[in-house]
Amino acid sequence: MKSGPVAVGLGILGVICIVLAVLYAIGALQLFTSGPGNHYKHAILLIVLAVASFVAANFARPKIAS
Amino acid sequence: MGLLQGATELFPISSLGHAVLVPSLLHWSFKQSDPSFVPFLVLLHLGTASALLVLYRRQWVEIIRGFVTAAIRGEMRTDSERLAMLLLVGTIPAAVLGVYLESRIKALFASPYEAAGFLIANGFLMLGFEALRRRTERRAALTNESRMDQEAHFTSAERISFRAAAVVGACQALAFLPGISRSGVTIGGGLLAGLRHEEAARFSFLLATPVLLGAGIVEVPQLLSSGVPIAEYLGATVLSGLAAYASARFLLRYFRSGRLDPYGWYCIAAGLASLALLHFDL
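Heads up: the sequence lines are chains P and U, in that order. Number 66 marks the last residue of the first sequence (the numbering used here); no jumps. Number 282 marks the last residue of the second sequence (the numbering used here); no jumps.
For the record, the hints were derived by calculation from the structure and aren't laboratory data. For glycine and all other residues, C-beta sits at the position ideal for the given N, C-alpha and C. Be a bit skeptical, because a hint or two may be false.
To be verified - Label-pair restraints from in silico Cβ distances:
| hint | chain 1 | residue 1 | chain 2 | residue 2 | range |
| --- | --- | --- | --- | --- | --- |
| 1 | P | Gly-4 | U | Thr-143 | 46 to 56 angstroms |
| 2 | P | Ser-34 | U | Ile-230 | 20 to 30 angstroms |
| 3 | U | Arg-73 | P | Val-19 | 53 to 63 angstroms |
| 4 | P | Val-19 | U | Pro-262 | 47 to 57 angstroms |
| 5 | P | Val-19 | U | Leu-25 | 18 to 28 angstroms |
| 6 | U | Ala-231 | P | Gly-4 | 50 to 60 angstroms |
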């Protein structure tokens, strides 16, 4: 599905994932974790989700015919 | 434990179920409640993941190259590029469920009795997948053909739909239950998606590699800091890798014409035998 708004939405989702990854990594976010501390597993997952979001955004971006 | 883990991880018979059951049945002095037990198992998984990386080294080079190319271009043109994206889509549900649910589920179902029960359920799942496959073969009037000809009517991993890849990936979460086989449910899911048995096994093994590798890398620092005999653990990891490599080679050859049924019957028999042995404390 090629759509500019979808691509922008996926890009924003990717940025949100990166922000959450940083918060998990520095221990500022404890949502769905086993307890206080640095949650690198959650951070890595969110980095993967961010990469997937950016890739999906690039796929959804309408291509300009050359 | 290394040999046991490596041999059972890729066979559709649940490595976690065997890791819980066998030490209990053989009265090994292995404390499953010990904080180093899960990281140790994950270290063994790292051996399995390394074996799969070696087995599919050329494919992984193509997959990584295909991923980068397709991600930058925003379009898939080759089979490698499509397979790379399918693996990404299949890995995400397993990774999300793994990070958020794995420890909670494993803590709920860690007893040998439950592992034996789920092993029996795993056996019925394998038989169910094959029953559904046979029904598809009957509908396509393939029942009188040879096994190789029957298989030729099904497709390769690169042709699976993205929705099917996500569902097969999510099926991996079932393997957090000790006794349910990760490779079993993903191979079964692949069969339902129309893959040949050998291709379903290949997709399952490729799908397992990033998850096992990621989990291993994350857990290893915890293992190193817990004061365990690291040389013995590394030896077990090497044994696990060797056993996994041999298992993968065997299974890929077996699934050219073989089915999941023998593993299903084995799981039912092993689960029932384990329940009896545990009940009578033999």
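Each hint tested on the structure:
Taking the beta carbon of each, Gly-4 (chain P) and Thr-143 (chain U) are about 51 angstroms apart, inside 46 to 56 angstroms as hinted. In this structure the supplied range 20 to 30 angstroms holds for Ser-34 (chain P) paired with Ile-230 (chain U), their Cβ-Cβ distance being about 24 angstroms. At about 27 angstroms, the beta-carbon gap between Arg-73 (chain U) and Val-19 (chain P) misses the expected band of 53 to 63 angstroms. Separation of Val-19 (chain P) from Pro-262 (chain U) is about 50 angstroms and conforms to the stated range, judged on CB atoms against 47 to 57 angstroms.
Taking the beta carbon of each, Val-19 (chain P) and Leu-25 (chain U) are about 49 angstroms apart, not inside 18 to 28 angstroms as hinted. Taking the beta carbon of each, Ala-231 (chain U) and Gly-4 (chain P) are about 57 angstroms apart, inside 50 to 60 angstroms as hinted.
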